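Chains A and B, in that order, are what the protein sequence lines are. Residue 1239 in this note's numbering sits at position 117 of the first sequence, with consecutive numbering throughout. Residue 1140 in this note's numbering sits at position 24 of the second sequence, with consecutive numbering throughout.
Be aware that one or more of the hints could be misleading.
[As the list claims (entries may be wrong)] Calculated pairs, BS3-like style, for lysine-lysine (alpha carbon to alpha carbon, straight line, at most 25 Å):
# : chain 1 : residue 1 : chain 2 : residue 2
1 : A       : Lys1171   : B       : Lys1180
2 : A       : Lys1237   : B       : Lys1194
3 : B       : Lys1187   : B       : Lys1174
4 : A       : Lys1237   : B       : Lys1180
Think of the hints as simulated: they come from the structure by calculation, not from any bench. All figures in this text were calculated on a predicted structure; none of them were measured in a lab.
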Amino acid sequence: MTEFSPFSATLGGILIGISVVLLMFSIGRVAGMTGIVAGIIPPLPEDWKWRASFLAGAVIAPILYVAISGQTVDLTVPVSHGALVAGGLLVGVGVTFGSGCTSGHGVCGIARLSKRSIVATGVFMISTFVTVFLVRHVLSF
Amino acid sequence: MRIIVVFAIGIIFGLGITISGMINPAKVLNFFDIAGSWDPSLLFVMFAAMFTAMAGYKLVFLRKRPLFDTKFRLPEAKTIDRRLIGGSALFGVGWGIAGFCPGGAVPALGTGRTEAIVFFAALVIGIIFARTLQNFIFRPATT
């Protein structure tokens, strides 16, 4: 069980949105995590440095959060290591072919009303709903 | 300067993921489990992020160029093809199996948890594998 947290969810969402806007304002780039991660995997594009810098900031964030707020970060992984590997491989292949993920298509793309992003987001949301239903209620893992 | 600013923007992104609870695969998966332990939080995160981005982009695009570059670099692909749809469908299957997406997994690395590292390693291998497929089997990527 996790508790429905509309306040922190909205606050966190606004922060993600602000980050997305600031990245466009400062360097004119879309804050899609797929493209940013892919951009630090060799062969490196010439502009890999800002991506590495963004990633470093994102990785340090939960450490800062714990240090500043004194609270712990809830992180429960209700699946096996095998599922993480299989899921990770599928996500990697899927976001490469689909040219984006939740941040790139779901937030940045929809915010610019990109038709491709609206379609992609609809497809991966439905696909995730179906997968979770099958895994939890049909296959009953 | 540019690098430090982007580093700070990355921190804001990671804080958003952390505070919203989207760093937590259990919470993400519960959103997709309407028939079970449903937690609607993800919807609030996505809409809040989306509307903030939409309003902010409107203001940003009033400018001719970003602060540290000569132009905005937006994705140019326009066509909705099988690659976009198939890739997105596959992404959903993986997300549903693991509970991590790239945006959630990167900040999760900062917690030092083995699960996040395992997922991230598999994600990178998946990206490399798909790139190789695109380069050798299909025509060069157009996106």
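Just to be careful, I want the Cα atoms of Lys1237 of chain A and Lys1194 of chain B compared with a cutoff of 25 Å; is the pair within it?
holds (8 Å)
Lys1171 of chain A and Lys1180 of chain B were given as a pair; does the straight-line alpha-carbon distance stay at or below 25 Å?
At roughly 24 Å apart (the allowed maximum being 25 Å), Lys1180 of chain B and Lys1171 of chain A satisfy the hint.
Hinted pair Lys1237 of chain A and Lys1180 of chain B, Cα distance within 25 Å:
holds (23 Å)
What's the verdict on Lys1187 of chain B and Lys1174 of chain B, does the C-alpha distance respect the 25 Å limit or exceed it?
holds (16 Å)
Every hint from the earlier list agrees with this structure, and none is contradicted.
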